[in-house]
Every structure is written in C-alpha cells, then in structure tokens.
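Quick note, the sequences are listed as chains A and B, same order. According to the working numbering, the first sequence is numbered sequentially starting from 167. According to the working numbering, the second sequence is numbered sequentially starting from 166.
Hint data in this document are derived by calculation from the structure and do not stem from the laboratory. What you are looking at is a predicted structure, and each value in this text was computed from that prediction instead of being measured.
Sample of chain B residues with no beta-carbon within 12 angstroms of chain A, all distances over it, derived: (1) 170; (2) 226; (3) 283; (4) 288; (5) 292; (6) 302; (7) 336; (8) 337; (9) 342; (10) 351; (11) 382; (12) 407; (13) 409; (14) 416; (15) 431.
Computed Cβ-Cβ distance ranges for the label pairs, DEER-style: (16) B:354 x A:214: 47 to 57 angstroms; (17) A:387 x B:274: 48 to 58 angstroms; (18) A:239 x B:433: 30 to 40 angstroms; (19) A:426 x B:320: 39 to 49 angstroms; (20) B:346 x A:294: 29 to 39 angstroms; (21) B:248 x A:264: 58 to 68 angstroms.
Built from N, CA and C at the ideal position, the CB exists for glycine as well.
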Amino acid sequence: MKRKVLVNVVGVLLALLLGALVMLVQGYNPLETYYRLFEYSLAPGKIAYTLSKSVPLVLTGMSASVAFASGPINLGQPGQLLMGALFATIGGLYINLPPLLMVPLLLILAMLGGALWSGVAALLKYWFNMSEFITTLMLNMIADFFTYWAINYPFFEKNANHPQTPLIAQSGWMPEWSNFNSSVIVMVLAFGVIWFIVNRSTAGYEWRLSGQNSLFSRLGGVNTSKNYIVVMLLTGALAGLAGGLVIMAGPHRFIKGIGGNYAWDGVMIAMVANTGIILTLVFGFFFSVLQTGSLGMELITAVPRELIQVLQAVIVLIVVAGRGYFETFFAKVEARRKMRERTA
Amino acid sequence: MNIITGLINGMITSATPILLAALGGSLTYYAGIFNIAMEGMMLSGAFFGMLGSYYFHSWPMGILFAILGAILMALIFILFAVVLKMDEFITGIGLNLFSVGVTTYMLRQIFKVKGAFASPEIVPIPKIDIPWIKDIPVVGEIISGQNLIVYIALLATIVVSYLVFKTRFGLRLRAAGYNRTSLDTSGVSANRIRVWSLILCGVLCGLAGSFLSLGYVTLFSEGMSAGRGWISLAAVILVSGNPTGIALISLLFGFTDGLGLFMQRSLPSQFTSMVPYVATLVALFVYSVRLKKKQKI
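Just chain B, with the same shape it has in the complex (with noise of 0.2 angstroms):
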C-alpha cells in the first residue's frame, strides 16, 4: 500500500508544474500564439519566487515574486513578438535563453554562489492538511496534505477550462486564434486578447516556478526547469489545447516521472531520468499514428 500511495503522491508531484505551464500554454494556444516561453517563464518564476521568499521570510510573497517575475519574461515576450512583431519563434528561443543567462546572472550577483542556491532563510509553501479527510486510510494520504500549488492547480485546471469555454473572454480568446481578422473587424483587439492571454499564461507559468523552487525542493538551480516548459508545449499540442485533457496527459508524465523514481533498484539514475522525455516521445508517436488514421478515413 506504501508502494502505490508514494507512487501516486510522486505522479501528482511531477505533473503539477507541468500541469500549470501547459494551462498557460493553453490560453496562449488558443488565442492563436506560438508561445514556447513557458520554459522561461518558469525557470524565471522559479527565481524570483526563491528572491521573494528569501527576502521577506514568507512564503506568499514568495508565490507573489514567482508569478511577477514570470510576468516580467511575458512582458517582454508581449513586446517583442506582439509589439514589434518579431517571430514569435525567435523570440521563444531568445526569451528562454535570455532567461537562464539573468537567473544564472543575478543568482551569482546577488548570492554569490554558482549553480544553486539553497538556505535555511527560504520558506517553503506549506502543505495543506484537510481536516477529516486526512484521516481516511490511504485515500486520505493522497487527497490531504499535498502543497499548496497542488490544489491551485487543480483549481486552475477548472477555472481555466470554465475561462475559455464558458466566458465572453475566453470566445474572444478563441476567435483571437481562430480568425484574427473577423475579431479585428467586430470591434475588439486581438492584439489586447493576445497580450491578457500572454499575461495569465505567465501567472500560470510563475506558480509552476515557485512550485519548482519552494515546493518541490527548497533551493534554486541553474536551469532547474530542466525541459519541464518543453513537455508541457507537448502536453498542450497533444490535445489541441484542452484543459481536462492537458491535466490527464500531465498526470500520465507525472506517472511516467514517478514510475522512473521507482525503476531506479534495477536500472541506473541516468536512465530512470530519461523516461518523461522517452514518455513525450511516444505519446507524440501515438499522437501522429491516430493523425494520420484519421487522416486517411
């Protein structure tokens, strides 16, 4: 019963940034943007939510520090590639970049320390405890006591799902990306739709950090996304951007991640590391197998 509960509990841990980012990636897919910052985003959120907790010794200014500094890399995005009209591609790659060499910059500048920072000064988001629940044998080792980030997450997921489907934003949103044009011409920018989509993308991004950096692990690393805004780019492109279906392919990586853990008695770390990559391959191997069916019916 240890087993599967550790496993379980490891599967929601690992799916949860990845969760966040590709709600962000989300919103951005369908207002119609070719948004591969979440990386940045993240890794930038990661940071400053560190920065934040740190500073102030608490962690909701942590979490607050997170979603402005992911908002700080959107910001630049929205300038870049809305404003100026760069490719969007390019501004990807250079935001994500441009992000480790700042994290990497200011951990040195202002901790003096190359390649992680970690101190007994930096308070982690609390797990919640939920009364009752908790104690229901096995079923309340996994719905109570997970962090914080966990239930927003999940919250998210519902808000999201509701923002897009279900609200004069969220149609606006989707036209954005569907036909620019026609949204142009009925009276409402695009270009403002893109820009709030790129925003909430980087709040969203910003609590996958601070999860990264105050939940998971108290400390920060240089790159410590590690290609976790990759897979969530993944995540989102596998289901045409879908929110329940983002969250149920986040809880399969989470498994994949979780299940790696486990393998780890009879196979090298190096190995059991590679799974959630090897995992995005194969489920885009299957993505494109049921495609190209489709396709030929």
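Bound-form chain A, shown alone (with noise of 0.2 angstroms):
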C-alpha cells in the first residue's frame, strides 16, 4: 500500500519537474508558477470551486476505470457525457416541477442519456460482435455532431449569436452554496455506489474477474454476456450523469463545447488511476486542482494554461510506465533480500 503511493508520488513529481524545465527552458520561473498553479486552486477559499470542477472529471474517470477494470474498452465517455448533457437539457427545457422532484428527474435523464449512447455500443458487440474499441470511437463522433445540431435547429435560442439552447427551468439548477456547487454531493454519492458495487458486490467481484481473465470467469459459471452489457449501461450513465451536472451546475444550457475535454480526461485519469476507484477519486481531484490552478497560473505568471493539458498526458505516461519500472524494481530488490536471507 504504502509502495503503490510512494510510486504515484513520485510519478506526478517527476512530470512536474519535467514540466518545470519546459518552464526553464522558455524562461519562465517554474516555483512562481507552480506557486500561483497551487495557490489559485487550493487557498481555502478556493477549495470549494476546485471540488466543484472535479466532478465531471471524477464521474467520467469512474466510467472509464469501472470500463477498463471488468474489460470492456469503453472509450466512448465524451459522446455519453454529450448525450446525458443534451437529454438533461431537453427535460429541463420542457418540464418544470419542484426542484426536490426535478433535480433528481434531470439527473435520471442525463443517465438515461448516456446508457443509451453506450447500450448502442453494447448491442453492436451483443448482437454482431463489433469491437466496442472502435464503435464508441466512432460514436463519440456522431454524438458531436447529433448534439451540435440539436442546439443549431430543435432547440437553438433565437436570437442568440452563438449555437445554445435557452436556460433550462431555475428548479432544475444545482443549488450552489457561494462557492460549493451540490453536484460535488451528487459525486459523492455516485462514488459511493460504485465502490460498494465494485468492492463488495458479487457483480462487482465477477466484473473483476472478467477484466482479468474473461475465459476463466465464463468457465467458473459467470453469465459474461450479461456483465457486458451491465458494465456498459452503468458506465454510460456514469459518463451521462458528468454531463447532466455539467449542464446543471454550470451554465444552465447547452453550449457548443460544453463537453470540453473532461470525457477525454477522465480516460486519462482512469489509465493513471489503474483503474482503482479511490484513486480515480484522488487523480480526478488533483487533475481538477491543475486545471482551476491553470487559470491563476495564466493570470499572474503568463504561461499559457494549455500547458497543464501537455503536463497531465506526461503525468500519465511516467505514471504508468513508472508503476511498471517501480513494481519489477521493487521485485528485484525483494527477491535479492530472500535470497541473502536464505544463504545466511
């Protein structure tokens, strides 16, 4: 436990120094950088908006390492996140209730929205054996360009100047408390049910042992067809429900962009996480930290925050390959210490 820390400590160092001498080399002051970096999304007054920005991050990160961990490569978390974020808008376009029965209605959309686009998937493996890898590729395409124009023709806001749909109804919007916003509650939650399904559910144990070793898991009796499509559906949702909140918290309606880059982000953070849930949890909050810091760092020191995009791919790629070099450099060390111990 204590090792699996020290390695990803001291991966997120190592890519921070080496985003340090690209600093260097371009002349600007890595410590005043990093300084404003963490300052900006740590003060405490801040903590709250930086928890606020984690949530689609960790909900999409949660999607991609439940997908990854039971076998299904589901890469499809940006166009689920724009599907839920669009069923989301639809319902809070056309229906208002009180905000205790239309938070959570818009919340079931936008999951519905996001098990929909990745039950496409599912059945294109289901029924004709089509590689999720590429299908949700693909379909991560289409869903840009669906939602884009959804919001030019259905439901474009007349006269506005920019492709977007009216605000949805006020009950429907999370309320936000100066700067904490529910949806970090509603991450919570989310959280909460995935680590329970995954750690102490038989579905979750059997959608472990799939993701390690499908034959082995289909020889020992488990209905692997069905755990597929499971996985499929709820990891959608996950990745729909990001984009519900997204919606909800943020600017009450659909713009073109909204989806940003958090779908692709949160792969990121479930291939840096290695699929862990708690860990997914911790990554998704340090990548939110770099990202709100980002605009600080922008701010003050000048270096341009698009930086923080090239420092989290590196954060993942030493990461990752770090874990692998630390784990048979661990090995070895053990193995040689056994080894004097016999001979002694």
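Two chains, two separate frames, one set of hints: put the complex together.
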C-alpha cells in the first residue's frame, strides 16, 4: 500500500519536474508558476470551487475505470457525456417541477442519455460482435455532430449569435452555496455506490474477474455477456451523469463545446489511477487542481494554461510507465533480500 | 460531368490522409504492435508541417518538418511502449492526448492564437500538372492536377506493399508480429524491427499530417486530425493490414466523405459530416457479419 502511494507520488513529482524544465527553457520561473497554480486552486476560499470542478472529471474517470477494470474498452465517454447533457437539457426545457423532484429527474434523464449511447455500442457488440473500442470512438464523433445539430435547429435559442439552447428551468439548477456546488454531493454519492458495487458486491467481483480473465470467469459460471451489457450501460450512465451535472451546475444551458475535454481527461485519470476507484477520485481531484489553478497561473505568470494539457498527458505516461518499472525494481530488491536471508 | 469529376476528386482528397496513416498502421500491424497513435502522429505532423512551411517559406521544409514532428511522437511511443514495456494501448491514448496538448500549447505559445492559425506566409504543397494527360477531357482532370501528396500516397501504397511482401525487412516485420520469439532466436532483434516499423509509421503519418495543414487547406486548427487516425485504424483492422485493401477501403471512406458534401444540399451539414464515421460503423458491421459466417462454416 505504502509502495503504491510512493510510486504515484514519485511519478507525479517527476512529471512536474519535467514541466518545470519546459518552463525554465522558455524563460519562466517554475517555482513561482507552480506556487501560483496551487495557490489559485487550493487556497481556503478556492478549494470548494476546485471540488465542484472535479465532478465531471471524477465521474467520467470512474466510468472509464469501471469499464477498463471489467473488460469493455469503453472509450465513448465523450459521446455519452454529450448525450447525457443533451437529455438533461431537453428535460429542463420542457418540464418544470419543484426542485426536489426536478433535480433527480434531470439526473436520471442524463444517465439515460449516456446509457442509451453506450447501449448502442453494447448491442452492436452483443448482436454482431463489433469491437466496442472502435464503435464507441465513432459514436463519439456522431454524438458530437448530433448534439451540435440539436442546438442549431430544434432547441436553438432564437436571437442568440452562438449555437446554444435557452436556459433550463430554474428548478433544475444544482443549488450552490458560495463556491460549493451541490453537484459534489451527487458525485460523492455516485462514488459510494460504485465503490460498493465494485468492491463489496457479487456483480463487482464478477466484473473484476472478467476483466482479469474473461475465459476463466466464463468457465467459472459467470454470465459474461450479461455482465458486459450491464457494465457498458452503467459506465455510459456515469458519463451521462457527468454531462447532466455540467449543464445543471454550470451554464444551465447546452452551449457548443460544453463537453470540453472532460471525458478524455476522465480516460486519462482512469489510466493513471490503474482503474482503482479510490485512486480515480484522488487523481480526478488532482487534475481539477491543475486545471483550476491553470487559470490563476495564466493570469499572474503569463504561462499559457494549455501547458496543463501537456502536463496531464506527461503525468499519465510517466506514472504508468514508472509503476511498471518500479514494480519490477521492488520485486528484484525483494528477491535479492530473500536470497541473502536464505544463504545467511 | 462536372459533378462526377468533383465527386471523384473529393473522394481522392479525403482518402489521401486516411490512406497514408493507414499504411503506417499497416506496418505496425504486421509488426504486432497495437498502435493507436496514428491520430496523434498525424496531428503533430500537421502542426509541424505548418510550422516548417511558415518559417522557411517553403513547402519541402513543411513536409520535412511534418515528418520530423510525427517521428518525434513515434520516438516517444518507442520510449514508452518498446523500451519501458508499457501497455501499448495506454501509451497510444496518452500519446494522442499529449499530441493534442503539445500542438495546442505551441499554437498558443508561438503564434499567440487559440483555435486556428492561418497566414499567407504558409506555403501550400503544390498541385502537379502532368503534361499531355492534363489535356485529356475528364480523365485528365482526375489523373492530373492532384496535390503532390496524393501521388506520394499512391507511390507509398506500392512501396509498402512491396516492402512487406517482397523484401527481407518485410519478412522480418511479419515474423515480429507472428512469432517474435522465433525471430529473436534466429538472431534478429524483434524490438529493432518494431522500432523501425514505428518510425516508418511516423514518416507516413507525417505525410498525412502535412496534407491536412498544407494540402487540403493551408492552416492549422486544434485537433484538425478529427478522428481520421481512428478511421485509418479501422481500415487497417478491416483488411488485416493488407496495403492494397487499405487503399480500396480508404477510397471508399473518401467516397462517403465526398457524398456527405454532396448531400449538403438537402441535409444539415451536421448530418453529412457524420457520414464517414457512420460508414466506418457500417464497414465494421459488414466485416463482423462476414467473419461470423466464416466461423460457422
């Protein structure tokens, strides 16, 4: 356990060091830059905002983590997020209930939208054995254009000079207390449910087993094709939920490009977290710290915030490669120590 | 007649980057590498191609820079996947996102713009007129007057095909994918072959990228590879790497792209833009159904 923490921390530090080198080469002061970055996102007044911003990252990250750990290579989070966002928006445009009913309803709609989109990929696999790896990627592009069409034609806000929908009903807005958005509560609930399913339920055990060795689990009596569909639907619903919350917590309407890079960041988070649910939460928050802080960094030190995008990818590559490397290194040390003990 | 030549020319134009990237993917496919980094290599090629052409006011430098930019990505892939033995899938995804990040960052840092950069200083890759042939009606409009990269892509198809099936390197390449242990034991390092296949893939993806930013249009925009790398990956999988098959599939995708543009008269452009991705799904569907039938027999 300690070793795992060490590997992650060392990997992140190495990546930050590389980022510092890049800054040095370009004539920026890396210490000040990092200080501004972390100050902007972690100062007492800011941390609630950073937490709120981590919601879509953690949710799409969990979606990817659960999928990868259970076998399906669901890379459709970007599309599922957009469909979830669209469903929640449509619900919010045409329905108006008291907030206590409205918010859960829109969240369910968002999950339905995401699950619908991942369900398409799941059925294509189930019926025709088409690899979800490529189909989900293609569905991403299709969802991108489809939602763009939806906000351009049927749900277009008249008189807007930018493709966007009107505002959703105010009862569907996630309540906000100063910087703290209640979408964080939804995220924590979702985290609890997913953690429980994956670590404490029979279904989760079967999923992880299938992820490790699909043949073994099938021979052991696990209904792998049923599990496959359930996992796809669940992970789609998670990504859809992320999309719904982006709308309900943020601009309260569907604007072009609202999905941003959340979903791909989520995929990266799942990879760097080695598909662990708790690590996904940790790295999701950490990525949010970097992204939120990048604003402050750009404001004060003139380092373009796009640097963070590079840094994120570097963190993924270094931590994952380092994990493999360290594991063999520690195994070697252990083996040598044992050998010495036996000979002594 | 104008519509048909327009459609065919559109087909060739949209097929070219997919074809070039897929040929690169074919080489790594034969070498047994699960290479999904074509998207990132292409994007990097597009950016550096634009950079080279802009600074040196010359398109050959643009092509050279595009190739170097894509090779840079290939080298990072080699470092992580071959040297550090990291999972190829994770390396590929990481590299693609790294490429998006680096090109966006450099666009901002060097040109101080967000989104896209266009300038009259960027010299595009010229179109080549073939004497005599260009005067033939209809056929001349198609065979002659295409972008230089289109002819390079055609040549690359033949070269890759020859390289894979008729040369010693090709034999080793296929051996590296088929059974790397026996290749290693015969005294040839499978890793070295894999490294070369990745570098060649970088060269081809670089050419594809240069076509995007210096041929198709003369500008660079963020994420301008727009899933073409993934489509080329699908093309490679559909024909199990065969270069001739890749050329045909790429033309098919190019055709659907052209068709999409053609349909814009009656459908919103958002739907016509979906066509190549839907076509990929349909192609995968046909492939799976055929595979199923084969397995039943």
